[in-house]
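Asker: Top line first, the protein sequences correspond to chains A and B.
For the first sequence, the working numbering assigns the number 273 to the last residue and increments by one with no breaks.
For the second sequence, the working numbering assigns the number 273 to the last residue and increments by one with no breaks.
Be careful, since some hints might not be right.
Copies of the same chain look alike in the list, so a pair counts if it fits in one copy or across any two.
[Stated by the list, open to error] DSBU-like mimics (lysine-lysine), calculated; alpha carbons at most 35 Å apart, straight line:
no., residue 1, residue 2
1, K74, K114
2, K74, K124
3, K208, K124
4, K223, K252
5, K114, K80
6, K124, K223
7, K158, K124
8, K170, K114
9, K198, K259
10, K124, K80
11, K177, K273
12, K124, K96
13, K208, K80
14, K158, K74
15, K208, K177
16, K82, K223
17, K158, K170
18, K170, K259
19, K198, K252
If you're looking for bench data, these hints aren't it; they were derived computationally from the structure.
Number of protein chains: 2
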Amino acid sequence: MARKKSADLEKTKQTLLEVGLSLFQEKGFNGTGIQEIATLADIPKGSFYNYFSSKEDFGVAVIHYYTETSMEEWTNLLDTATQQEDSYKALGTAFLAITEKHRCAEIKKGCLLGNLAGEISEASEDCRKALQQSVNEYKDILAQRLLIGQQLGKVRSDLPAQCLADLVWDCWQGSLLRMKIEKSVEPVNKAIELLFHYMLLPIK
Amino acid sequence: MARKKSADLEKTKQTLLEVGLSLFQEKGFNGTGIQEIATLADIPKGSFYNYFSSKEDFGVAVIHYYTETSMEEWTNLLDTATQQEDSYKALGTAFLAITEKHRCAEIKKGCLLGNLAGEISEASEDCRKALQQSVNEYKDILAQRLLIGQQLGKVRSDLPAQCLADLVWDCWQGSLLRMKIEKSVEPVNKAIELLFHYMLLPIK
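All chains should be modelled from the sequences, with the hints used to inform the complete structure.
Answerer: As structure tokens, then:
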């Protein structure tokens, strides 16, 4: 009986995270109310605090949840693409696959990390630290793949892989912001082409 | 008498825009309340609606106000630097001057356009259009200077200037988001170095 209750609690917590992620991506952190989250998760507003001590605490949990699920998606895409092509080329393929998902989505949500970085880095120290940790995890994966590209002679070697990973992250985030402003994935597709067909190539 | 009243109204409107800009940059659009704006502008909350029909209308006005004032700042910086160096080199100098301002600021506000793009592009169609217009104005200035750089043989010519302007805007915005996350201008300084000392240089 206790086990069933614990499973129910876990299920509701999971629903709250999913609902929160979707709303934060669409309306931002402050544009989303706890009442709205609770209603969509089918629990009374007061019960929200059985799961999370505050909205800020919830924000941190949503950032971790987003990082976990999207990191899994990236890893799967990279593993699948790596079976067909080299590990560096698979990186470009994975970026294009994610962009295609954005293209098909009616609401251009962009990246939770970039959106919240702009919105709440100053207001919430806990969320800022969670964002910092997540962005560093992403950049480490990028740097690993770029380093392989350098070792294969497919990526310029005049700059450290970590430095090129910063460039890729910055361009990706900047172009996602333009995607939201222009309601089109064209800026993202162009940014990926610019990176993988020009900026990252070895200097001849 | 009527002229004095009109001047007072204009002054209060200007104060509201200044206060709104500062709060939006620090706390985001939805993190800022009209009560807070009115209190800091020293007017009753109800009077806010004598100046702006809605918070969304105010958001659009703040985006235009930010664009106007920061565009003036950029133009002044570019004109000053252009007297000492060529028009393209002055672009890099202007970016470094703006970064220095961010370094000195205790609160790392970043760019209003990038922050609001992430937060409210989906929620407000009017704000999204205002952001789109502003970003295009900025990118046009960048493209003009990059084109001069291409004509002087100082910028790579294998890509259109407009395309390089997209790259510069994306990197700048992405690195400003990392500045907010890391509470340091190091990501921005490194991004400018990467652009102006590597990515934009002519292919030898």
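Asker: Indicate, hint by hint, whether the structure satisfies it.
Answerer: Against the structure, the hints:
no.: 1; hint: K74 / K114; verdict: within (19 Å within a copy, 48 Å between copies)
no.: 2; hint: K74 / K124; verdict: within (24 Å within a copy, 44 Å between copies)
no.: 3; hint: K208 / K124; verdict: within (27 Å within a copy, 37 Å between copies)
no.: 4; hint: K223 / K252; verdict: both (33 Å within a copy, 34 Å between copies)
no.: 5; hint: K114 / K80; verdict: within (17 Å within a copy, 43 Å between copies)
no.: 6; hint: K124 / K223; verdict: neither (45 Å within a copy, 50 Å between copies)
no.: 7; hint: K158 / K124; verdict: neither (40 Å within a copy, 46 Å between copies)
no.: 8; hint: K170 / K114; verdict: within (32 Å within a copy, 43 Å between copies)
no.: 9; hint: K198 / K259; verdict: both (31 Å within a copy, 21 Å between copies)
no.: 10; hint: K124 / K80; verdict: within (19 Å within a copy, 38 Å between copies)
no.: 11; hint: K177 / K273; verdict: neither (38 Å within a copy, 39 Å between copies)
no.: 12; hint: K124 / K96; verdict: both (15 Å within a copy, 15 Å between copies)
no.: 13; hint: K208 / K80; verdict: within (31 Å within a copy, 47 Å between copies)
no.: 14; hint: K158 / K74; verdict: neither (47 Å within a copy, 66 Å between copies)
no.: 15; hint: K208 / K177; verdict: both (23 Å within a copy, 22 Å between copies)
no.: 16; hint: K82 / K223; verdict: neither (44 Å within a copy, 56 Å between copies)
no.: 17; hint: K158 / K170; verdict: within (19 Å within a copy, 39 Å between copies)
no.: 18; hint: K170 / K259; verdict: both (16 Å within a copy, 31 Å between copies)
no.: 19; hint: K198 / K252; verdict: both (30 Å within a copy, 10 Å between copies)
When held up to the earlier numbered hints, the structure conflicts with 6, 7, 11, 14, 16 and fits the remainder.
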